[in-house]
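> Sequence:
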Amino acid sequence: MEPGAEPGPELGAVLEAVEGRGGGAEAVERVLARYNEENRATFRFDPADEDKRKKLCEGILNILEKDTKTSCQVACLEALRILSRDKKVLVPVTTKRNMQILMKLAKLDTVEDPLERVSEFPVIVEALKCLCNIIFNSSVAQKLSLELNLAAMLCNLLQKCKDQQLVDDIKCFDLRLLFLLSLLHTDIRAQLRQELQGVQVLTQALESSLSVRWTEEYKAEEDRDRPPLSLQETDCAIEALKALFNVTLDSWNVHSKNESHQFRYMAAILRHCLLTTGPTEEKTEELHSNAINLLSNVPVSCLDVLINPSSQEETDIKYNGMNMGAIQILLDFMEKRIDKGSSYREGLTPVLSLLTECCRTHRNIRKFIKAQVLPPLRDVSNRPEVGTTVRNKLVRLMTHVDLGVKQIAAEFLFVLCKERVDSLLKYTGYGNAAGLLAARGLLAGGRGDHWYSDDEDTDTEEYKSAKPNINLITGHLEEPMPNPMDEMTEEQKEYEAMKLVNMFDKLSRDELIKPMGVRPDGTMAPLEETVSQYHTSKQESSDSD
3 MEPGAEPGPE LGAVLEAVEG RGGGAEAVER VLARYNEENR ATFRFDPADE
53 DKRKKLCEGI LNILEKDTKT SCQVACLEAL RILSRDKKVL VPVTTKRNMQ
103 ILMKLAKLDT VEDPLERVSE FPVIVEALKC LCNIIFNSSV AQKLSLELNL
153 AAMLCNLLQK CKDQQLVDDI KCFDLRLLFL LSLLHTDIRA QLRQELQGVQ
203 VLTQALESSL SVRWTEEYKA EEDRDRPPLS LQETDCAIEA LKALFNVTLD
253 SWNVHSKNES HQFRYMAAIL RHCLLTTGPT EEKTEELHSN AINLLSNVPV
303 SCLDVLINPS SQEETDIKYN GMNMGAIQIL LDFMEKRIDK GSSYREGLTP
353 VLSLLTECCR THRNIRKFIK AQVLPPLRDV SNRPEVGTTV RNKLVRLMTH
403 VDLGVKQIAA EFLFVLCKER VDSLLKYTGY GNAAGLLAAR GLLAGGRGDH
453 WYSDDEDTDT EEYKSAKPNI NLITGHLEEP MPNPMDEMTE EQKEYEAMKL
503 VNMFDKLSRD ELIKPMGVRP DGTMAPLEET VSQYHTSKQE SSDSD
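Throughout, the numbering used here is defined as the position within the sequence shown, counted from one, plus 2.
None of these hints come from the bench; they were simulated from the model.
Beta carbons: idealized from backbone N, C-alpha and C, even for Gly.
Keep in mind that the hints are not guaranteed to be accurate.
[As the list claims (entries may be wrong)] Estimated spans, in silico, between C-beta atoms of each pair:
1) 460 to 196: 27 to 33 Å
2) 380 to 168: 55 to 61 Å
3) 437 to 165: 50 to 56 Å
4) 261 to 512: 24 to 30 Å
5) 348 to 28: 47 to 53 Å
[Claimed, not checked] Each computed SDA-like pair below joins lysine to any residue, with the alpha-carbon atoms no more than 20 Å apart:
6) 495 to 511
7) 395 to 476
8) 320 to 334
9) 162 to 221
10) 106 to 171
11) 57 to 22
12) 56 to 46
13) 221 to 89
14) 372 to 461
15) 369 to 425
16) 54 to 83
17) 508 to 518
18) 221 to 364
19) 342 to 401
20) 54 to 35
21) 89 to 46
22) 131 to 22
23) 369 to 324
24) 164 to 115
25) 369 to 319
26) 469 to 408
27) 395 to 432
28) 408 to 380
29) 320 to 333
30) 372 to 465
31) 516 to 436
32) 516 to 441
33) 56 to 35
From just these sequences and the hints, can you work out the full model?
Below, the structure written as structure tokens:
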């Protein structure tokens, strides 16, 4: 038997007990408790016992429909949660009747009934866990959840948890179920956003999990001595962040004053989230990662709340009188993800995209980040991609094999340079920047379309003195090399030139290469086309003279 596989002999005895052939409720509870303990870590099941497991699911749901004691309900729900890991046994489970049984146990069937009986809390949690498994594994259950208005009931349960004690587990699995529904069913995502005020409800749940205290509008209290979040608080916050991410997809266009306030309020909570730590380094990184994903959905015009005017007594990182603590967290997170060296598309591109948009729109953020990522050049003896600075690491990404990764890394540096080609080349070299410039039609130089302030970069004396000897392609200082043509006669030079032309011509005719040129507008095209356009433009210029 494979490790982690279900032990088979016990299943028959369990089924007999559940179907009432092996004693009363106490016997059922005892047998299921043993089954649950033995199969707690089981995720692969024996196909030969599939029919027995289906009957066991039906038997358990029949018991749950009756008014049994709490400990028996918990044992039944734990067993059903284990069995629902197997998609093949969910057919008898995913009926309207059975979904309603589980919803009733999870307190999702009544509007007014408050959460008062603490003894029922384990039943609510286990019922929510079962619904999570069933909805994740069954498309039929996903459709039924819309018909049964499950999302509205979950939002209502979330409101009941507000200001309640000992409900963190209920809240966490309520949020997880909302995340799954909004992930797997686009209609439910739309319902949450438009009908159920899902953004507001989930934002309040996030605020509650983080215990945010406000000092003024869009500014949370910063207590440097506050302890890290507990594991439960962190998990609740992460589930709220994931659900909010789904509900706020496609929210770049903010049309009303109320929407703008809601997103600025959310961004202020996310700033507080970035300045908060979890119980472990791994949990803190997961929390910050999900906060960054959600910030990517916030309209860029609302991200100015990430930086606040800094008061005199604060000792946080400042720039131009603004508190840059959250931006520093984003930069540190970005560098940590680069240093990991893997999963760049999932782990690195969200934070790079976020920083790029922040820099494009908010001048103080751009200037603060540039001072750290692209400080004034002094030592240009090494290539831009060689070294351990953040600049070196980002320049290395400009030639990464993943197109999406290299594009966003290049775009980030380009925006830090105010989309000026000459400034970008100074920090990266032409070879590293060629891909971005070709894509943007800027191979001939110039600048991008976005407007930036007119403050100019100032070169250091070291850079000015080295500049004449910097290789523009590699971007670093090179000692002058002897010119091999100095010793050649004119006939030898002409011979070598024709030899090179013939080699290129052969490669071109064999279609191994395609000679390209740069059009007057900076984009690339076949050489014949660019030469023709050059002559035409030159002719027009002389005619106008």
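> Hint by hint, note whether the structure agrees.
Checked hints:
In this structure the supplied range 27 to 33 Å is violated for residue 460 paired with residue 196, their Cβ-Cβ distance being about 51 Å. Range check, residue 380 to residue 168: about 59 Å between beta-carbon atoms, so the 55 to 61 Å window is met. In this structure the supplied range 50 to 56 Å holds for residue 437 paired with residue 165, their Cβ-Cβ distance being about 54 Å. About 59 Å separates the C-beta atoms of residue 261 and residue 512, a value inconsistent with the hinted range of 24 to 30 Å.
Under the hint 47 to 53 Å, the C-beta atoms of residue 348 and residue 28, about 49 Å apart, fit the expected range. For the hint linking residue 495 to residue 511, the alpha-carbon distance of about 24 Å lies beyond 20 Å, and the restraint is violated. The hinted pair formed by residue 395 and residue 476 meets the criterion: a straight-line CA distance of about 16 Å does not exceed 20 Å. A C-alpha spacing of about 16 Å is found between residue 320 and residue 334, which places the hinted pair at or below 20 Å, so the restraint holds.
Annotation: proposed proximity of residue 162 to residue 221 is violated, straight-line Cα distance about 27 Å (limit 20 Å). Of the pairs offered as hints, the one joining residue 106 and residue 171 holds, with about 17 Å between alpha carbons and a cut-off of 20 Å not exceeded. Taking the CA atoms of residue 57 and residue 22, the gap is near 13 Å; set against the 20 Å cutoff, the hint holds. For the suggested pair residue 56 and residue 46, the alpha carbons sit about 15 Å apart, so the restraint of at most 20 Å is met.
Under the criterion of a C-alpha separation no larger than 20 Å, the hint pairing residue 221 with residue 89 is inconsistent with the structure, at around 46 Å. Distance restraint check for residue 372 and residue 461: the Cα-Cα separation of roughly 14 Å lies within the 20 Å cut-off, and the hinted pair is therefore satisfied. A hinted pair counts as satisfied when its Cα atoms are at most 20 Å apart, and residue 369 with residue 425 qualifies at roughly 14 Å. In summary, the hint linking residue 54 to residue 83 is supported, as the alpha carbons are separated by about 16 Å, within the 20 Å threshold.
Taking the CA atoms of residue 508 and residue 518, the gap is about 15 Å. The hint holds against a cut of 20 Å. Simply put, residue 221 and residue 364 have alpha-carbon atoms about 18 Å apart, close enough for the 20 Å limit, and the pair holds. At roughly 17 Å between alpha-carbon atoms, residue 342 and residue 401 fall within 20 Å of each other, so this suggested pair holds. Our distance criterion of 20 Å between C-alpha atoms is met by residue 54 and residue 35, whose separation comes to about 18 Å.
Between residue 89 and residue 46 the CA atoms are separated by roughly 11 Å; this keeps the pair inside 20 Å, and the hint holds. Restraint check: the Cα-Cα separation between residue 131 and residue 22 comes to about 26 Å, which exceeds 20 Å; the hinted pair is violated. Note on residue 369 and residue 324: the hinted pairing holds, with a Cα-Cα distance of about 12 Å set against a maximum of 20 Å. Under the criterion of a C-alpha separation no larger than 20 Å, the hint pairing residue 164 with residue 115 is consistent with the structure, at around 14 Å.
For a cut-off of 20 Å, the pair hint linking residue 369 to residue 319 stands: about 14 Å separates their Cα positions. This hinted pair does not check out: residue 469 and residue 408 have alpha carbons roughly 27 Å apart, beyond 20 Å. For a cut-off of 20 Å, the pair hint linking residue 395 to residue 432 stands: about 17 Å separates their Cα positions. A C-alpha spacing of about 26 Å is found between residue 408 and residue 380, which places the hinted pair above 20 Å, so the restraint is violated.
For the hint pairing residue 320 with residue 333, the CA-to-CA distance comes to about 14 Å; that is within 20 Å, so the pair holds. A threshold of 20 Å between alpha carbons decides the hint, and for residue 372 with residue 465 the separation of about 17 Å falls inside it, so the pair holds. Distance restraint check for residue 516 and residue 436: the Cα-Cα separation of roughly 17 Å lies within the 20 Å cut-off, and the hinted pair is therefore satisfied. With a C-alpha separation of about 18 Å, the suggested pairing of residue 516 with residue 441 holds against the 20 Å cut-off.
At roughly 19 Å between alpha-carbon atoms, residue 56 and residue 35 fall within 20 Å of each other, so this suggested pair holds.
Hint check: violations occur at hints 1, 4, 6, 9, 13, 22, 26, 28; the rest are consistent with the structure.
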